[in-house]
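For the sequence shown, position 139 matches number 138 in numbering that gives the first Met the number 0, and the numbering has no gaps at all.
To be clear, the hints were calculated from the coordinates, so they are not data collected in a lab. Being a predicted model, the structure only gives us computed values, none of them experimental. There could be a bad hint or two in this list.
[What the hints assert, rightly or not] Keeping only pairs whose Cα atoms sit at most 30 Å apart, straight-line, the calculated DSS-like set for lysine-lysine is:
#1 Lys67 - Lys32
#2 Lys67 - Lys216
#3 Lys32 - Lys216
[What the hints assert, rightly or not] Computed spacing ranges between beta-carbons, pair by pair:
#4 Gly260 - Trp114: 46 to 56 Å
#5 Gly16 - Ile259: 19 to 29 Å
#6 Ala233 - Asn130: 47 to 57 Å
#7 Gln86 - Val257: 20 to 30 Å
Here a beta-carbon is modelled for each residue, glycine too, at the ideal position from N, C-alpha and C.
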Amino acid sequence: MSAHHQLLAAGLDLAYGERQIVDDLNLTVPPGKLTVIVGANACGKSTVLRGLARLLAPRRGAVYLDGKPIHQMPTREVATLLGVLPQSPIAPDAIVVADLVGRGRYPHQGWFRRWTPEDDTAVAEALTATNTADLADRPVDELSGGQRQRVWIAMALAQETNLLLLDEPTTFLDINHQVEVLDLLTDLVAARGRTVVVVLHDLNLACRYADHIVAMKQGRVVAEGRPVDVVTEAVVADVFGMQSRIVVDPVSNTPMVVPIGRHHVGADAPAPA
Numbered sequence: 000m001s002a003h004h005q006l007l008a009a010g011l012d013l014a015y016g017e018r019q020i021v022d023d024l025n026l027t028v029p030p031g032k033l034t035v036i037v038g039a040n041a042c043g044k045s046t047v048l049r050g051l052a053r054l055l056a057p058r059r060g061a062v063y064l065d066g067k068p069i070h071q072m073p074t075r076e077v078a079t080l081l082g083v084l085p086q087s088p089i090a091p092d093a094i095v096v097a098d099l100v101g102r103g104r105y106p107h108q109g110w111f112r113r114w115t116p117e118d119d120t121a122v123a124e125a126l127t128a129t130n131t132a133d134l135a136d137r138p139v140d141e142l143s144g145g146q147r148q149r150v151w152i153a154m155a156l157a158q159e160t161n162l163l164l165l166d167e168p169t170t171f172l173d174i175n176h177q178v179e180v181l182d183l184l185t186d187l188v189a190a191r192g193r194t195v196v197v198v199l200h201d202l203n204l205a206c207r208y209a210d211h212i213v214a215m216k217q218g219r220v221v222a223e224g225r226p227v228d229v230v231t232e233a234v235v236a237d238v239f240g241m242q243s244r245i246v247v248d249p250v251s252n253t254p255m256v257v258p259i260g261r262h263h264v265g266a267d268a269p270a271p272a
């Protein structure tokens, strides 16, 4: 089990040009847990992840990694502690899968350090964990969207960082692969003591897998805590603008959100005997 690293945002304002997306955000990432950020499209989820991952410089406030402002730390030092998978990563032309995943090892290599058996092992384990070992020699640009997504996750895993931030890693994946990826992230937290932050679209998968859930609306945190405490009918209405019933997931005993569309208002009354 690795020692935990502390990641937190204090008074964080994030913007693209003049357009402010995140306003005065304070967020502490619980160490050794799986945190899931949820919210409607364009609410600032991905922007927060980009800020935490040092991909977007704050307009105001700071992100601290082990008490140091992350935007002032050397890139290589950050990369040995924090792995990130942004939303639409772009692979170099004609690169094959094993080489792309191997790039996750770069931060561990000094200027003169050569590739080692430890690097081979990390890449092999990452390929196996994401079920992509059979693709190792294939060009990345020949893969399906789902295969490519799993290869990018493998690259993030190969970095072997204590902190792992992933922006919608289950996009493009069939439901069985979505569950596999979330099972894998849960294993990293449970068995290896990693700290993982994930942006997810699917609220029910978020409820099932998150130790800690952060619900966002218009660049602010509306609620955070355990899924059972955060995901209520009132919060779902506020965050997603949707009427729902919250029931118990029969598999995981976590909250399950059942949407109510306008054709079904009142339809959840018991059927006549």
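Okay, the hints, checked on the actual structure:
With a CA separation close to 21 Å, the supplied pair Lys67 and Lys32 stays within the 30 Å bound. Between the alpha carbons of Lys67 and Lys216 the distance comes to roughly 28 Å, so the proposed pair stays at or under 30 Å and holds. For the given pair, Lys32 sits about 23 Å from Lys216 by alpha-carbon distance, which is consistent with the 30 Å threshold. Range check, Gly260 to Trp114: Cβ separation about 55 Å, and the 46 to 56 Å hint holds.
The supplied range of 19 to 29 Å is broken by Gly16 and Ile259, whose beta-carbon atoms lie about 38 Å from each other. Distance hint for Ala233 and Asn130: a CB-CB separation of about 39 Å, inconsistent with the stated range 47 to 57 Å. A beta carbon spacing of about 28 Å between Gln86 and Val257 agrees with the range 20 to 30 Å that was offered as a hint.
When the structure is compared with the earlier hints, violations turn up for hints 5 and 6 and for no others.
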